[in-house]
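As they're listed, the protein sequences go chains S, L and X.
My numbering applies: residue 397 is where the first sequence begins, and numbers increase by one.
My numbering applies: residue 270 is where the second sequence begins, and numbers increase by one.
My numbering applies: residue 35 is where the third sequence begins, and numbers increase by one.
Simulated from the structure, these hints should not be mistaken for laboratory data.
Heads up, some of the hints might be wrong.
Straight-line C-alpha distance at most 27 Å; calculated DSSO-like pairs for lysine-lysine [claimed, not checked]:
id, chain 1, residue 1, chain 2, residue 2
1, S, Lys590, X, Lys128
2, S, Lys760, X, Lys547
3, X, Lys129, X, Lys38
4, S, Lys649, L, Lys411
5, L, Lys339, S, Lys760
6, X, Lys38, S, Lys447
7, X, Lys38, S, Lys760
8, S, Lys648, S, Lys731
To list a few chain S residues with every Cβ distance to chain L over 12 Å, as calculated [claimed, not checked]:
id, residue
9, Ser422
10, Phe467
11, Asn538
12, Ala597
13, Ala626
14, Ser632
15, Arg735
16, Arg738
17, Pro806
Because the structure is a prediction, the values reported are computed rather than measured.
Beta carbons: idealized from backbone N, C-alpha and C, even for Gly.
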Amino acid sequence: MSDVPRIVSSRWDVPDAHTLDGYRASGGYEGYAGLRAALATSPREVADVVKEATLLGRGGAGFPAGVKWGFCPPGVWPRYIVVNGDESEPGTYKDRVLMERDPHQLIEGCLIAAYAIGAAQVFLYVRGEMAHAQERIAAALNEAYAANLVGRNICGTDFSVDIVLHWGAGAYIVGEETALIESLEGNRGMPRLKPPFFPAAKGLYMKPTIVNNVETLSNLPWILCNGSDAYKEIGSDTSPGTRLVAVSGHVKKPGVFEIPQGVTTYRDLFYDDRYGGGIRDDNELKAFIPGGGSAPWFFPEQLDMALEGRPVGAAGSMLGSGAIVVMDETTDMVKACLRLVRFFARESCGKCTPCREGTSWEEKILQRIYDGHGRPSDVDALLDVADNISPGPYPVAAWEAEGLAAVPFPPKQTTICPLGPSSVAPITSALRRFRPEFEARITRGNSIPLEAAHG
Amino acid sequence: MARLTPENEALARDVIARYPRPKSATIPLCHLAQEQDGHLTDEAMAHIAELIGVTPAEVLGTASFYEMFKREPVGRYVINICTNISCQLMGGEDLLAHAEATLGIGAGGTTDDGMFTIEDVECIAACTEAPACQVNYRYQHKVTTEDFDRLIADLRAGRRDDIPPHGTLGKVRQELRGDQIANITAPEQQSEPVWITRSEQGSKTP
Amino acid sequence: MAEKPPPIEVTDPVTITLDGTPVQVQRGDLLIDAAERAGTYIPRFCYHSRMNPVGMCRMCLVEVDAGRGPSLQPSCMLECSPDMVVVTDSDLVKKVQEGVLEYLLLNHPLDCPVCDKGGECPLQDHTMAYGPGESRWLEEKRHYAKPVAISETVYLDRERCILCDRCTRFAKEVAGDPLIHFMDRGAATQVNTFPDDPFASYFSGNTVQICPVGALTAKPYRFKARPWDLSEVESTCTGCSVGCRIAVQSSRNEVLRYMGVDSPPVNWGWVCDKGRFSFEAVGGNRRLTEPQVRKGDVLVAARWSDALDAAAAALRGDPSRIAVLGGARLTNEAAFAWARLTKGVIGTDNVDAQLGDGLPAELLLSLPAATIDQTCEPGGTILYLGPDPKEELPVLFLRLKHAVLEDRARLFELAPADTGLTRYATRSLRYVPGAAAAAVAGLLAGGELGDGPIRVVLGRASVAESAATIVDAAMVLVGSGREVTFLPALRRANVAGAIDMGLSPALLPGRQKLSAGNASLGWPKLPAEGGLDATGILQAAADGHIDTLVLLGADPLADFPDRALAERALTTARTVISLDTFGNDSNRHADVVLAAAGFAEVSGTTTNLEGRVTALEAKVTPPGTARADWSIANEIAERLGTEFPELSPADLTAEIARVAPSHAAVTSAALDAAPDGIVVGAMPLTYEAPEPTHVPAVDSYSLRLVAGRSLYGTGTVLAHCPSSAPLAKPSVLRLAPAEAARLGLPDGGRVRVVSNDRSFVCDAAPDPGVPEGIAAMYLDGSASGPTAIIDAAAAVTEVRVEAGS
Ligand SMILES: Cc1cc2nc3c(=O)[nH]c(=O)nc-3n(C[C@H](O)[C@H](O)[C@H](O)COP(=O)(O)O)c2cc1C
Ligand code: SF4
Ligand code: FES
């Protein structure tokens, strides 16, 4: 194992890894070896290996895949697998790479999962805007069907499953698993309430359905080939394996990196030459988003945290989808906050009153502040509007200099899904740390008081 | 053209057969209609409704939820410029402003010659390659204003035949013929898969 | 209308703590309902106890601790489980409720003073009770064109809409007509129809009723009144025999609106649009307001005493030459009074409340009965052999559909062509008119029905197929040895009550046979033997054997299947007396027209198809000098020498309870205590099955005619409802596409329909729901429709269809 183990990104440098031949030829072992390994044991054993490995979901919530599979009620058929390839969380860029560059790895992962849980069908729900990913997966599926790796009596066994590529059409909320299912049923992508609609019990067509992220499933071929022990040797005890992170924003070398979980720190990611290579123009770091647009922000104090779910949650944020956005000292926090809030307002599905009305209200207040038409009462109004979407203390990182303790993740919510409450993350993060920037906008109109920001 | 052509209708039937319930094909069929006409017409939605056995209102209810479906004609090239956080930090808004100035239209607008529509869009999963945009959903990474001008010039000159007209989703489609399908039937018709039954009974993979 | 959760039986009690007090609730019941039943109302907008919860308005959030610490949960989605600790009034809950209301009002136009809903608006009420004092909203509100007509009768104002999903959910889940839908997303979400595809649902008016704001308003009611000017009584819709419970609301002696009342065994709060908007007919300006007597060629206004004298004079002759047709429009009390007059005073048994479109009364009274609830029992098996319920018994259709879709009932439909029910049926089988009995036998033999009880909905799919063929089918079921119960699907409003009261040959009030007599009646006379049914009466009249024909709210020209026969009867009978609320085709032939008080003008009771007796309440005074039917009967009886003591419908209700064995329990006091009515006691008659009908073999040159009714087809009441009348469309002949192609009319066109020596001309259209060999058409009451060619004496109607006219 090299210094930086590569589980899911091992073929990214191989030019034709997206073809079946390329896939077979690369990666150090016969392509679809993971599938063959799975087929050589029983479905239950495959599920056990995955459970043993503690494969944490990479879609955002970080829930162990093996445990989730186990939630399918026994004896209820059919079961479905829905692959979440809707990657739309601001800052997130990894599933697209996996789909474009290594579609067979994903297909193989789907097959292993389908074998283990007894799925009749797998739907690969790929974000509509990702035309190239669609094409690559379509081509890979066509090859795989032709090679009898998908379809009827796969590799001559009694295992048969169909994998259908499904096109999304542009709606962030559809990444939420119950909305994804609604969308796949041909409906508006509006989330269902959990409980009672936990997909593993009542999912697609109200049948047991496992929704897994693209990256989660892409880990399976490696795990089946190498075993859960090998997997657990990588990463930390509670977060084994690697994960993909996209480091974007104000770093010198933005990129998608595969890192061992629970080991690499944010400082490594921003400053180490193997990763971000430093803040752009060697500026000061002002803040960073550790897990996608929905995550409360971190600040320089949190730089030395390793990327590991539990401690990051306790510190007031989340690893989310591995999207890390770096903001240097020149960043206008009102503007950044407004942009993120605007995202949630535009992407609210409209189902819950607080999210539908609250997020657009938040956006309007912020826009006014940004445009220099804010009122002194706006900051408190904004916090109260946010409090009606996500009541009580909102997760936030500690600010030792001010003697403020962290509020752990996740937030409370008056809504069905976390989208509405996510709109509060940039507001609380920015306002708690950079309130003077907002106030200066209000009292001094349009000028950007960067001195105040540093104060 | 408004309803699906006979060829597209045949394709539509193939797509419908890939789902346990026909309504699941709503979005793919709307894409197909948009590919045919460049935008999603009312007549096409009514036709889709017939094909999947729902009302046109249901098709529209679904279609109108999603960003990609355009109910009015748009430019031959729809340029989606990302201004979400990673791109914003790297100048996405400046790129958008440049595009608006260059083409003389605001976000959401279409040039008079019907060539270009610009949109101010949310994160398109190219964050490390910011600022990014898409032309008819084909990515352009780290786009400078000069890159943008060149792109427009190339598109106008017909030099970008890698970019198909608006509406074309994937140039390669999944081909799943009826005789290849293993398991797709209505959920009610499905029972425990044979490999599970066999393995629960303790026998080995045949 | 306050929507209350339907009552439930607590079979599996669990204890939860509700605001500090332990209460016993049904396990699995939704918290919002359980709390309300326990006396704690939790505010809500999207939740409606007759639809699946969606939990989207977030108004009903409460704090719930189910063992893992308190969290905010929507009480409309949460099922009660043991030891749940629920707090509905904490500071957090109050803040959240205030927050939701503030959000809902942000974009709301606050045009309460000009809004129909003002005064009965949950948004308004909740804002007063739970809302913020003032709005902090400084921005521009959302704007939409307003209001837009989404159908002939419903307007939509999207600015007022709070996106609760009630109307859209109703349209999809309850009505099965998802023609209104959420469109767009997020803050731009709106309810709308597809362009040029209106919300043409038979049930659209319900959305107006359940809209928690004034976003949906009913054209017939818009700007007519304010809720505080309205007063109401609960009554029963008499649009059809389902008998939906409604509230009749009026202001200044004018009926302005009906609202569905949630009667758990019957309509669940829903009513069909025809019923809902039929209030327009009550105050219609073409009502008969005074009696008329024929002078030469014309009917002229007369004084009541003169008109009654004239009627009595015509009823004095040979009882066997007197006949009475109709009675299903009447209250039970009036039906009783008329049965007493005809059988007990005049002494004729030539009485029939059905118009040749029903089933023999004695058969109906002999069959073991099923209520709607029993028919729709979860997991049960239903055999449907009857008219298209969506067209003829709309709310029964909703109940059946619900039973299948939500309650796992299996429904087997036997019908000559597709109906509104077909798409919901577990299996729908086609049979050729005349072959119903064979079809039933085949289905029974096939084993698909399982071996549990079978609930049969029994009626006539078509009036072009004789009642006898359906009797044969019923006999197959009765003789099958299976546990079979029946729900009769007769359409006319109080036909069941009229039969129970004896307005049918060979019967006496209380489900007694005439032959058995009934001493307690104390009537001066009783006919010696059974009389004629409707077909017999009309035939006799046409043959000159009837001197006086009474039309008791009957319009045989429009309603009797064989129009030619009805016409001959009306022109041949010496005297025709009509009691009615409106003029119609038939009573233009009358010699005496007695203006009757109509719905909402008389009190009494009515009986639905289950045999459920419910109260009808008068709300307004009748127009002009129109009188209650029962008092007209008593006036005539007095002129014929018998005086009856009743002074009110209540007196008659008491008399019925006294003399009618099946109705012994139906007293005014019992009815007061039972707003959902009383199902009258089963006392099955014995019925002697006739010989199976001979049906001619299918003639491959002809088509068999299927003639049913459509909701907006015929009907005097409909014609007098300005809002609904335009919905009546000319009826077309529906043919299998192959049949239409054979005629050279693949896309339809003008055709002549010929049967024996009769014919009519109409438009034909291809319809994939019609099998080959069948010609289907809705009755439209006109002289150029199916009734022009149906022969009342034939078992089936064979037609030839020729292109062109
Ligand atoms: C608003 C919202 C958006 C989400 N978007 C995505 C997404 O784009 N891709 C994804 O894999 N998961 C997304 N998720 C998480 C999914 O709901 C789900 O947890 C995940 O797909 C499960 O897969 P995993 O267990 O393999 O991580 C989103 C969740 C929320 C609440
Ligand atoms: S929180 Fe927002 S996005 Fe999520 S279900 Fe509610 S309205 Fe939709
Ligand atoms: S009533 Fe429960 S969320 Fe609307």
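Note to self: Going through the numbered hints above, which ones does this structure break? Give me the numbers in ascending order.
What the structure shows: Violated: hints 2, 6, 7, 11, 15, 16.
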